[in-house]
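Asks: Since the structure of chain Y is provided, determine the placement of chains L and S on it from the hints.
Take a look at the letters that make up each chain.
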Amino acid sequence: MMSPFVADGLIPLAKILAVILYPMLMVIVMIWLERRVVAWIQGRVGPNRVGFQGILQPFADAVKLFFKEDIIQRRADRFLFNISPVLVMFSTLLAFCFLPLGESIRLGNYTLDLWVARSPVGLLLVLGLSSISVFGVIFGGWASNSKYPLMGALRSVVQVLSYEIPVGMTVLTVVFFARSMDLVRVIERQKEAGVWYGFMLPVSFLVFWISAIAETNRAPFDLPEAESELVAGYHTEYSGMKFAFFYMAEYAHMVLASSLVVILFFGGWLPPFPNVRAFAFLGAVPGFVWYLVKIMFFLYLYVWIRATFPRYRFDSLIRLVWKWLIPLAFVNFLAVVALRYLL
Amino acid sequence: MAFKEIALNMGPQHPSTHGVLRLKLAIDNEVVLSLEPVVGYLHRGMEKLWESLTYTQIVPLTDRLDYIAALSNNLGFVLAVEKLAGLEVPPRGRYIRVALAELQRLASHLAWVGFQANDIGAMSVLLYAFEARERVLDLFEEYIGARLTVHGIRIGGVPRDFDPEFVRKIERTLDGLPATIRNIELLLNENRIWQERTRGVGVVGAAEAVDFGLTGPPLRATGVRWDIRMDVPYSSYEDFEFDVPLAEHGDVYDRYLVRMEEMRQSMRIVRQALARLPGGDFTAKVPRILRIPPAEVFQTIEAPKGELGFYIKSNGTDKPERVKMKSPSFINLMSLAHMSRGNLFSDVVGILGSLDIVLGEIDK
Amino acid sequence: MSAVGKFLRKIFLVDILTGLAVTLRYYFSKKVTVQYPEEVLPPPERFRGILRLYRNEAGEPLCIACKACQRACGQGCFDIEGRREEGAKTMKPVKFDWRLDRCSFCGLCVEACPTDAIRFSREFRMSGLGRGGLVFGHEAMYVEGDDLQARLCGEGCP
Chain Y
1 MMSPFVADGL
11 IPLAKILAVI
21 LYPMLMVIVM
31 IWLERRVVAW
41 IQGRVGPNRV
51 GFQGILQPFA
61 DAVKLFFKED
71 IIQRRADRFL
81 FNISPVLVMF
91 STLLAFCFLP
101 LGESIRLGNY
111 TLDLWVARSP
121 VGLLLVLGLS
131 SISVFGVIFG
141 GWASNSKYPL
151 MGALRSVVQV
161 LSYEIPVGMT
171 VLTVVFFARS
181 MDLVRVIERQ
191 KEAGVWYGFM
201 LPVSFLVFWI
211 SAIAETNRAP
221 FDLPEAESEL
231 VAGYHTEYSG
241 MKFAFFYMAE
251 YAHMVLASSL
261 VVILFFGGWL
271 PPFPNVRAFA
281 FLGAVPGFVW
291 YLVKIMFFLY
301 LYVWIRATFP
311 RYRFDSLIRL
321 VWKWLIPLAF
331 VNFLAVVALR
341 YLL
Chain L
1 MAFKEIALNM
11 GPQHPSTHGV
21 LRLKLAIDNE
31 VVLSLEPVVG
41 YLHRGMEKLW
51 ESLTYTQIVP
61 LTDRLDYIAA
71 LSNNLGFVLA
81 VEKLAGLEVP
91 PRGRYIRVAL
101 AELQRLASHL
111 AWVGFQANDI
121 GAMSVLLYAF
131 EARERVLDLF
141 EEYIGARLTV
151 HGIRIGGVPR
161 DFDPEFVRKI
171 ERTLDGLPAT
181 IRNIELLLNE
191 NRIWQERTRG
201 VGVVGAAEAV
211 DFGLTGPPLR
221 ATGVRWDIRM
231 DVPYSSYEDF
241 EFDVPLAEHG
251 DVYDRYLVRM
261 EEMRQSMRIV
271 RQALARLPGG
281 DFTAKVPRIL
291 RIPPAEVFQT
301 IEAPKGELGF
311 YIKSNGTDKP
321 ERVKMKSPSF
331 INLMSLAHMS
341 RGNLFSDVVG
351 ILGSLDIVLG
361 EIDK
Chain S
1 MSAVGKFLRK
11 IFLVDILTGL
21 AVTLRYYFSK
31 KVTVQYPEEV
41 LPPPERFRGI
51 LRLYRNEAGE
61 PLCIACKACQ
71 RACGQGCFDI
81 EGRREEGAKT
91 MKPVKFDWRL
101 DRCSFCGLCV
111 EACPTDAIRF
121 SREFRMSGLG
131 RGGLVFGHEA
141 MYVEGDDLQA
151 RLCGEGCP
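Residue numbers (our numbering), protein chains in the order written: chain Y, 1 to 343; chain L, 1 to 364; chain S, 1 to 158.
Same shape as in the complex, but just chain Y (with noise of 0.2 Å):
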């Protein structure tokens, strides 16, 4: 039996410490894996100096970035330069709140639930969360007070906003089969239908995936933030600890993508073929690993996709998604809904 301060003192604390450490960790690993996994793409080697194999690599960027120079421009909005990493970085780590990490545990007569909040609208809160990262994208790129970080900033902002839209259809088809926003639910469902919803509605994962890795500002769209184009985006002002929020909140959304692509169409922490008795063994493997081993399979599917790809020019980009993402999102929409009723 657990005490009243353990239950509802301390564990609740554990995860609040949790949800800020898992996606700091994730971001560790991320720029470690990144450098090494696109390094051994290009017939490289990558960091291995730092450590074991270059483990220790983050932490040095991370020092490097500590100590450098804190510089802001003299008519530099103060405040709003100082705000917008903070609100990119706050936005995506709330969001993490609402994200369920595995099945729900039993320790004798208590359940521990592996999130911090569910919520019956939770994947709304997510989506929601997120989008408000864009305010520190302008928040950034007009207090650079320069003409492109703005103009980056801008084209930041159309990217993300724009490839909302067909996120919000796809994300439809889910919950039109899960009949709930509840993240935790969608799951269950998942492995009532026995298959993970990817397989029922690959377009809308496909859709669904190809607006993540917008939304991310990740290549191929990152145009916004690209070396070799002019306008080098909106953190182009940015030096020191504050560049490092930009950075790390980048790939901290990465993960909280990959983590909704794993949840809505991958089953979350459950097996493949879940209800299938022959594949019942491996449940064995408890569902947290399921759900990590999946995400990192979409983590290292963006960075396969960065180091393969061209970039995107702005206005093919936008052009891609409002005449063939949307129409498609829609379309997709529309069929699955009349398949489910004419079946």
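Don't read these hints as lab results, they were simulated from the structure.
Treat the hints with care, as some may be off.
As the list claims (entries may be wrong) - With a straight-line Cα cutoff of 16 Å, these simulated EDC-like cross-link-like pairs (lysine to aspartate or glutamate) come out:
id	chain 1	residue 1	chain 2	residue 2
1	L	324	L	296
2	Y	147	L	5
3	S	31	L	131
4	Y	147	L	134
What the hints assert, rightly or not - Stretch-level coverage of chain Y by chain S, calculated; a stretch enters the list once three of its residues show a Cβ under 8 Å from a Cβ in chain S:
id	region
5	32-46
6	60-67
Virtual Cβ for every residue (Gly too), placed ideally from N, Cα, C.
Replies: Positioned in the frame of chain Y, the structure of chains L and S alone reads:
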């Protein structure tokens, strides 16, 4: 928010390589209105310097002009000197020169495709292309000791013979290259993003290209069939069988296709040269102090970047009176303004890359 | 390719998947990186490293101070003076100054030398902490290996 015409400066230092080049752009809401290149940041006074050096001493300095394709510069210059001096290079020397020049063309185009892909965002292609280029540079290093400032073609012939083992090494390298080139093509040719970024971008018509004096792959990408190796052959190029790739639209994509095919043709030429290598001397006898009676000559070759020309005026001494170099990059760069007008300014980098310029050649 | 084929290739993302397959193959390939300075690839035989003077088997310097290298050099790297001892068959250099900071590694001096006295070594480590180490006197032209590194660094060598 309507932007008026903004003046934008792509300064001498910018992330898209190609050297120290300044571009003054005027853009209106992303569309390029005008473009003015400012060159001279790498000017080293080569042509003046050469007036105080003997012909033999000038040859190693020509390496530093188009530093991506050193042997081509060597070849251009020594052909001009030999024409002036009336020196005849023996057949074996001529065939070795062809092999070296075509290997250099391979290396130059590989570097080009790497940079072009990197500018447009496909960063892995840069590494793949450069790894392949390294294999070719290793051949040069084995031949004469240097990868970049090769100095591997001299007045009268070549500095060293090709022994059978080296010929085998070249052939082995050539066997391994098509796979890498194929990988690069699989990554780029049909890729929808690559096509969106390069098709219809930086278009120049055939007549305009000729008016601008464009040469090399940018000219052949518009459909004009002009290749000095075919049309005014030098150094026994007439003995070899090869095709000159042409395209029709004159955009960045076509220039890319032309250069990729040229790589294959270069490999073909090298194989022919090695297979039919004649016996005999690999160099002519050149006097230690080469004095050339007063005359003038203008000799052009098909360098990887375009038509490379050397005008030399001799005055009876062992040093030239005047050397003037016609660099293809300098002429090609002048058409950049025309090509960029009307395109988005994010395309300027791609168009500049497709011209394949080297500042060392432009600024001398 | 037919229009239908092209359309199908477009919607099934064939070009995207082909590109991903290429990079995946490279991901699992053997990496060509050499971990310098722990592993050092030896330069090829004819590599143009730093110029050195050499001695013959008996240990005598090969240089006969004929100044062919000085005349061949286009950059003015050499300053040589020679003298013939009484009864000696050839001249010996009294002063042989060579400047690393002017050398363009073209090899004209090596080709000009009638006795093969001056040749390229395979030493590519030529960095130092001051300009003093870049001018070599006669004795310094025979120094190789770690002694050469120490000489290039000068007093600032760690």
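Asks: Next, verify each hint and record whether it holds.
Replies: We went through each hint and held it up to the structure:
{"no.": "1", "hint": "L:324 to L:296", "in the structure": "11 Å, holds"}
{"no.": "2", "hint": "Y:147 to L:5", "in the structure": "13 Å, holds"}
{"no.": "3", "hint": "S:31 to L:131", "in the structure": "11 Å, holds"}
{"no.": "4", "hint": "Y:147 to L:134", "in the structure": "41 Å, violated"}
{"no.": "5", "hint": "32-46", "in the structure": "holds (count 7)"}
{"no.": "6", "hint": "60-67", "in the structure": "violated (count 0)"}
Violation of the numbered hints given earlier is confined to hints 4 and 6; the remaining hints are satisfied by the structure.
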